[in-house]
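Full structure from sequences and hints, please.
Number of protein chains: 2
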Amino acid sequence: MVARAATDLRRQDVRDRLLDAGVSALLSAGYAQTSVDDIVKRAGVPKGSFYYYFASKEALASDAVARYAEMDEPLREALGNGNGKPLVRLKRYFDTYVAHYETKAFVSGCLFGNLALELSDLSPPVRQALSQAMRDWALAIETVLIEAQETGDLSAKVECRTMAGFVVNAWEGALLRMRVEKSAAPLQNFLTITFDQLLVS
Amino acid sequence: MVARAATDLRRQDVRDRLLDAGVSALLSAGYAQTSVDDIVKRAGVPKGSFYYYFASKEALASDAVARYAEMDEPLREALGNGNGKPLVRLKRYFDTYVAHYETKAFVSGCLFGNLALELSDLSPPVRQALSQAMRDWALAIETVLIEAQETGDLSAKVECRTMAGFVVNAWEGALLRMRVEKSAAPLQNFLTITFDQLLVS
Chain A
1 MVARAATDLR
11 RQDVRDRLLD
21 AGVSALLSAG
31 YAQTSVDDIV
41 KRAGVPKGSF
51 YYYFASKEAL
61 ASDAVARYAE
71 MDEPLREALG
81 NGNGKPLVRL
91 KRYFDTYVAH
101 YETKAFVSGC
111 LFGNLALELS
121 DLSPPVRQAL
131 SQAMRDWALA
141 IETVLIEAQE
151 TGDLSAKVEC
161 RTMAGFVVNA
171 WEGALLRMRV
181 EKSAAPLQNF
191 LTITFDQLLV
201 S
Chain B
1 MVARAATDLR
11 RQDVRDRLLD
21 AGVSALLSAG
31 YAQTSVDDIV
41 KRAGVPKGSF
51 YYYFASKEAL
61 ASDAVARYAE
71 MDEPLREALG
81 NGNGKPLVRL
91 KRYFDTYVAH
101 YETKAFVSGC
111 LFGNLALELS
121 DLSPPVRQAL
131 SQAMRDWALA
141 IETVLIEAQE
151 TGDLSAKVEC
161 RTMAGFVVNA
171 WEGALLRMRV
181 EKSAAPLQNF
191 LTITFDQLLV
201 S
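Protein sequences, first through last, are from chains A and B. Read the first sequence against this note's numbering and you will find it ends at 201, with the numbers running on by one and no gaps. Read the second sequence against this note's numbering and you will find it ends at 201, with the numbers running on by one and no gaps.
Hint data in this document are derived by calculation from the structure and do not stem from the laboratory. Since this is a predicted model, take the numbers as computed values, not measurements. Don't take every hint at face value.
Any copy will do: because identical chains look the same in the list, a pair fits if it lies in one copy or spans two.
[To be verified] Using 35 Å as the maximum straight-line C-alpha spacing, the simulated DSBU-like pairs for lysine-lysine come out as follows: (1) Lys104 - Lys47; (2) Lys85 - Lys104; (3) Lys104 - Lys41; (4) Lys157 - Lys91; (5) Lys182 - Lys91; (6) Lys57 - Lys182; (7) Lys157 - Lys47; (8) Lys85 - Lys57; (9) Lys47 - Lys91; (10) Lys57 - Lys47.
So this is what it looks like as C-alpha cells:
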C-alpha cells in the first residue's frame, strides 16, 4: 500500500510537472509555437511520459487551463476570506496581478486571454475549458460583489452577475492593451474606472 | 503622364489587394499560421509582387493594422457626423459591430486584439502599429464623449480620455469572451454596463 501510494504520488508529480511546464510554455510562446518536445524538455521528463498522461498537445492545453485557474486559488481564497471590506479585497486581488505583470515587464499576459484568441475557433475542448474557467472566475467576483451589497459598500442597483462578467472581460481587455503599450497604464485605467465609477455605493 | 498615372493606380491596386488579403488571412488564421504564399494566393497576384511591396510578412502585418483601421473609417465618420445625439451615435457604432460579429458566428474577432496577443512580445513594428491604431481609435471615442459632455448627456465628472481608453479595452475583452462563449452575450453585457452605468449624465 505504501509502495502504491508512492507510485501514485510520483505519477501525480510527473503529471503536475508536465502541466506546469505546459502553462509556462503556452504563456511564453503560445499554442502553435509550442511543441510536445518543448514541454517535456521544460518538465525534464522523457517524451514517452507525455503520452501516458495526455492524448495530445490539445489535451494538455485543455488541462493547462484548469491548472492555471488552480494557481489563482490562493488569491481567490484571500478574496473571499472576510479579511477587510469586500471591495478592498477585490482591489487587492487586482493590485497583486498589476504588481505581478510589472515584474514580468508586461509580457505574456493571461493564459485565458491568449488561448481564447488563439484556440477558440480551432479547439472545442480548449474553448470549453476556457468557458468553464472564466465562468468560475466571474463567479468568485460575483460572490464578493454580493457581499459588498450586503455590507452597503456597493449600490443595490448593481446586477452582480452582469457586473462580474463585465469586470472579468474588461480586465482581459486591459491586459491585452498592456501588452501593446508595455506599460501598467491600461491596468491602472481599469482600476480607476472599475473602483471609482462602477463599483460604488 | 496618363500612362504613369495608370501604372501608379495599378500599383496601388495590387498593394491594396495584398493588404486586404493579408487582413483576411490574419483574421482567420493568425500570424504564425499565415504564410506569404497564403496571402498571394488569396490576392491572386504572383509571389514576386509581394516582395515588391513588402519587405516581409511582418512588414505586411504592420501595414495590415493600419488598413484594418481604415476599414473602420465609414463608421467613425458616422460617429462624428452629428446625426443624432453623441451617445446614441456611439451606441449605434458598437451595435453595428455586434450585428457584424453575429453574421460571422462569433469567430475571428478583431485584428487588433488578435495581433496584440500574438505579436506584442515578438514584433516591435506590429506592436507600434497596434499602439498607434488603438490610440487613434480611443481618440475618436474620446471626441464623441467630449461632445456628449457639451450637450449635457454625459456627466461632467467623467475624464473622457481615461473613459475612452477603458471603453476600447473593455470592448476588446468582450470580443475575446465572445469568441470563447460563441455568443453575443458578452457584447450585450458590454453594452449594458457601458451605456447604462458608465456613460450617464
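Now for the hints, and whether the structure bears them out:
1. Within a single copy, Lys104 and Lys47 get their C-alpha atoms as close as 29 Å, which meets the 35 Å cut-off; across copies the closest is 40 Å, which misses it.
2. When the C-alpha separation of Lys85 and Lys104 is checked against a cutoff of 35 Å, the pair qualifies only within one copy, where the shortest distance is 29 Å, while the shortest distance between copies is 43 Å.
3. When the C-alpha separation of Lys104 and Lys41 is checked against a cutoff of 35 Å, the pair qualifies only within one copy, where the shortest distance is 23 Å, while the shortest distance between copies is 40 Å.
4. In the homo-oligomer, the alpha carbons of Lys157 and Lys91 lie at most 35 Å apart both inside one protomer (20 Å) and across protomers (22 Å), since each shortest distance falls under that limit.
5. For a Cα distance limit of 35 Å, the shortest separation of Lys182 from Lys91 qualifies both inside one copy, at 22 Å, and across copies, at 30 Å.
6. Taking the closest pair of Cα atoms, Lys57 and Lys182 come within 35 Å of each other both inside a single copy (30 Å) and across two copies (23 Å).
7. Taking identical chains as interchangeable, the C-alpha atoms of Lys157 and Lys47 are never at most 35 Å apart, the minima being 55 Å within one chain and 59 Å between chains.
8. With identical chains, the CA atoms of Lys85 and Lys57 are never at most 35 Å apart, being 42 Å at best within one copy and 51 Å at best between copies.
9. Taking the closest pair of Cα atoms, Lys47 and Lys91 never come within 35 Å of each other, the shortest separation being 42 Å inside a single copy and 53 Å across copies.
10. Taking the shortest alpha-carbon separations for Lys57 and Lys47, both the intra-copy value of 12 Å and the inter-copy value of 34 Å come in at or below 35 Å.
The structure fails hints 7, 8, 9 (numbered hints given earlier, in ascending order).
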